[in-house]
Amino acid sequence: GESVGLHLPTLSVQEGDNSIINCAYSNSASDYFIWYKQESGKGPQFIIDIRSNMDKRQGQRVTVLLNKTVKHLSLQIAATQPGDSAVYFCADFEAAGNKLTFGGGTRVLVKP
Amino acid sequence: NAGVTQTPKFRVLKTGQSMTLLCAQDMNHEYMYWYRQDPGMGLRLIHYSVGEGTTAKGEVPDGYNVSRLKKQNFLLGLESAAPSQTSVYFCASSYVRGGGYTFGSGTRLTVV
Numbered sequence: 022g023e024s025v026g027l028h029l030p031t032l033s034v035q036e037g038d039n040s041i042i043n044c045a046y047s048n049s050a051s052d053y054f055i056w057y058k059q060e061s062g063k064g065p066q067f068i069i070d071i072r073s074n075m076d077k078r079q080g081q082r083v084t085v086l087l088n089k090t091v092k093h094l095s096l097q098i099a100a101t102q103p104g105d106s107a108v109y110f111c112a113d114f115e116a117a118g119n120k121l122t123f124g125g126g127t128r129v130l131v132k133p
Numbered sequence: 043n044a045g046v047t048q049t050p051k052f053r054v055l056k057t058g059q060s061m062t063l064l065c066a067q068d069m070n071h072e073y074m075y076w077y078r079q080d081p082g083m084g085l086r087l088i089h090y091s092v093g094e095g096t097t098a099k100g101e102v103p104d105g106y107n108v109s110r111l112k113k114q115n116f117l118l119g120l121e122s123a124a125p126s127q128t129s130v131y132f133c134a135s136s137y138v139r140g141g142g143y144t145f146g147s148g149t150r151l152t153v154v
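Line order of the protein sequences matches chains A and B. In this text, residue positions in the first sequence follow the numbering used here: the first is 22, and each later residue adds one. In this text, residue positions in the second sequence follow the numbering used here: the first is 43, and each later residue adds one.
Everything labelled a hint here was simulated from the structure, so no lab data went into it. The C-beta atom is built at its ideal place from N, Cα and C for all residues, glycine as well. Among the hints, erroneous ones may be present.
[Claimed, not checked] Below, computed lysine-lysine pairings styled on BS3-like, alpha-carbon distance capped at 27 Å:
{"id": "1", "chain 1": "A", "residue 1": "120", "chain 2": "A", "residue 2": "92"}
{"id": "2", "chain 1": "B", "residue 1": "113", "chain 2": "B", "residue 2": "56"}
{"id": "3", "chain 1": "B", "residue 1": "56", "chain 2": "A", "residue 2": "120"}
{"id": "4", "chain 1": "B", "residue 1": "99", "chain 2": "A", "residue 2": "120"}
{"id": "5", "chain 1": "B", "residue 1": "113", "chain 2": "A", "residue 2": "63"}
{"id": "6", "chain 1": "B", "residue 1": "99", "chain 2": "A", "residue 2": "63"}
{"id": "7", "chain 1": "B", "residue 1": "51", "chain 2": "B", "residue 2": "99"}
{"id": "8", "chain 1": "B", "residue 1": "56", "chain 2": "A", "residue 2": "77"}
{"id": "9", "chain 1": "A", "residue 1": "132", "chain 2": "B", "residue 2": "112"}
{"id": "10", "chain 1": "B", "residue 1": "56", "chain 2": "B", "residue 2": "99"}
{"id": "11", "chain 1": "B", "residue 1": "99", "chain 2": "B", "residue 2": "112"}
{"id": "12", "chain 1": "A", "residue 1": "132", "chain 2": "A", "residue 2": "120"}
{"id": "13", "chain 1": "A", "residue 1": "132", "chain 2": "A", "residue 2": "92"}
{"id": "14", "chain 1": "B", "residue 1": "51", "chain 2": "B", "residue 2": "112"}
{"id": "15", "chain 1": "B", "residue 1": "113", "chain 2": "B", "residue 2": "99"}
{"id": "16", "chain 1": "B", "residue 1": "51", "chain 2": "A", "residue 2": "89"}
{"id": "17", "chain 1": "A", "residue 1": "120", "chain 2": "A", "residue 2": "89"}
{"id": "18", "chain 1": "A", "residue 1": "77", "chain 2": "A", "residue 2": "89"}
{"id": "19", "chain 1": "A", "residue 1": "63", "chain 2": "A", "residue 2": "132"}
{"id": "20", "chain 1": "A", "residue 1": "89", "chain 2": "A", "residue 2": "132"}
{"id": "21", "chain 1": "A", "residue 1": "63", "chain 2": "B", "residue 2": "51"}
[To be verified] Computed beta-carbon distance windows for the label pairs:
{"id": "22", "chain 1": "A", "residue 1": "89", "chain 2": "B", "residue 2": "142", "range": "43 to 51 Å"}
{"id": "23", "chain 1": "B", "residue 1": "94", "chain 2": "A", "residue 2": "90", "range": "40 to 48 Å"}
{"id": "24", "chain 1": "B", "residue 1": "70", "chain 2": "A", "residue 2": "90", "range": "35 to 43 Å"}
[Stated by the list, open to error] Which chain A residues stay away from chain B? Per the calculated CB distances, all over 10 Å, these:
{"id": "25", "residue": "34"}
{"id": "26", "residue": "39"}
{"id": "27", "residue": "48"}
{"id": "28", "residue": "55"}
{"id": "29", "residue": "66"}
{"id": "30", "residue": "88"}
{"id": "31", "residue": "119"}
{"id": "32", "residue": "121"}
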């Protein structure tokens, strides 16, 4: 079946640098994509989303890019801070099938 | 603070025992969900509800039952626990299906 997946399980980043987390998806019918952050011992927390008719969306220190041609989604975190250390995972939603699928997650480690 | 509250936070069961996990939300969300999170497998949907009095099966419903007698509560029951049900369980709610979810902090269940 179609699924959403992540390329790298762990990403080490120097504090102050930018982080880029990637996600590949296969469902061309997906309408909506979401990024979540999960800190240790906590539930996932919504970060940012993007609809399939958009290429880019910016939030506070975060930017999501969507490339529908290659079915690729990325999350960019500017000036990464120690508090950004967490597992990040993407999800895609297909309205017609009423299906939300989560990826497996990428761990981001911020080095001081 | 408004949000999703799960109880209990931790539980150890013996094989064959039963238990109920409680999820409560105070955001007046129509949609509620139960997920399980296992290492390397991401979040998998167990059951969900689109409103008070309704329930529906998700991706991995076997061995679980749910009830939504009140809009703010969504109960997850294990009738006869098995070691394969050892996992972290997350409840979530949303205003619309597929929309930005609010997750609870999780219940870590171990079945021995």
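Exercise for review: Would you check the hint for residue 89 of chain A and residue 132 of chain A, treating anything up to 27 Å between C-alpha atoms as holding?
Suggested key: At roughly 33 Å apart (the allowed maximum being 27 Å), residue 132 of chain A and residue 89 of chain A break the hint.
Point to revise | Outcome of range test on Cβ distance (residue 70 of chain B, residue 90 of chain A; 35 to 43 Å) | key: For residue 90 of chain A against residue 70 of chain B, whose Cβ atoms are near 40 Å apart, the range 35 to 43 Å holds.
Exercise for review: Verify the proposed pairing of residue 132 of chain A with residue 120 of chain A, using a straight-line Cα cut of 27 Å.
Suggested key: violated, 37 Å
Review point. Taking 27 Å as the top limit, are the C-alpha atoms of residue 132 of chain A and residue 92 of chain A close enough?
Key: Violated: residue 132 of chain A and residue 92 of chain A sit about 31 Å apart, past 27 Å.
Review point. Holds or violated: is the Cβ of residue 39 of chain A farther than 10 Å from all Cβ atoms of chain B?
Key: At roughly 24 Å from the nearest Cβ of chain B, residue 39 of chain A sits farther out than 10 Å, so the non-interface label holds.
**Study point:** Restraint check for residue 99 of chain B with residue 112 of chain B, where alpha carbons must lie at most 27 Å apart
**Key:** holds, 18 Å
Point to revise | Distance restraint between residue 51 of chain B and residue 112 of chain B, which requires alpha-carbon spacing of 27 Å or less | key: The hint holds at about 22 Å.
Review point. Does residue 120 of chain A pair with residue 92 of chain A here, judged by a C-alpha cut-off of 27 Å?
Key: holds, 17 Å
**Study point:** Proposed proximity, residue 63 of chain A with residue 113 of chain B (alpha carbon, max 27 Å)
**Key:** holds, 24 Å
Check your understanding: Do residue 89 of chain A and residue 142 of chain B keep their Cβ atoms within the hinted range of 43 to 51 Å?
Key -> violated, 21 Å
Point to revise | Satisfaction of hint between residue 120 of chain A and residue 56 of chain B, Cα-Cα up to 27 Å | key: violated, 33 Å
Check your understanding: Does residue 34 of chain A really sit off the interface, with its C-beta more than 10 Å from all C-beta atoms of chain B?
Key -> Holds: least Cβ distance 22 Å, greater than 10 Å.
Checked against the numbered hints above, the structure violates hints 2, 3, 8, 9, 12, 13, 16, 20, 22, 28, 29, 31 and 32; every other hint is satisfied.
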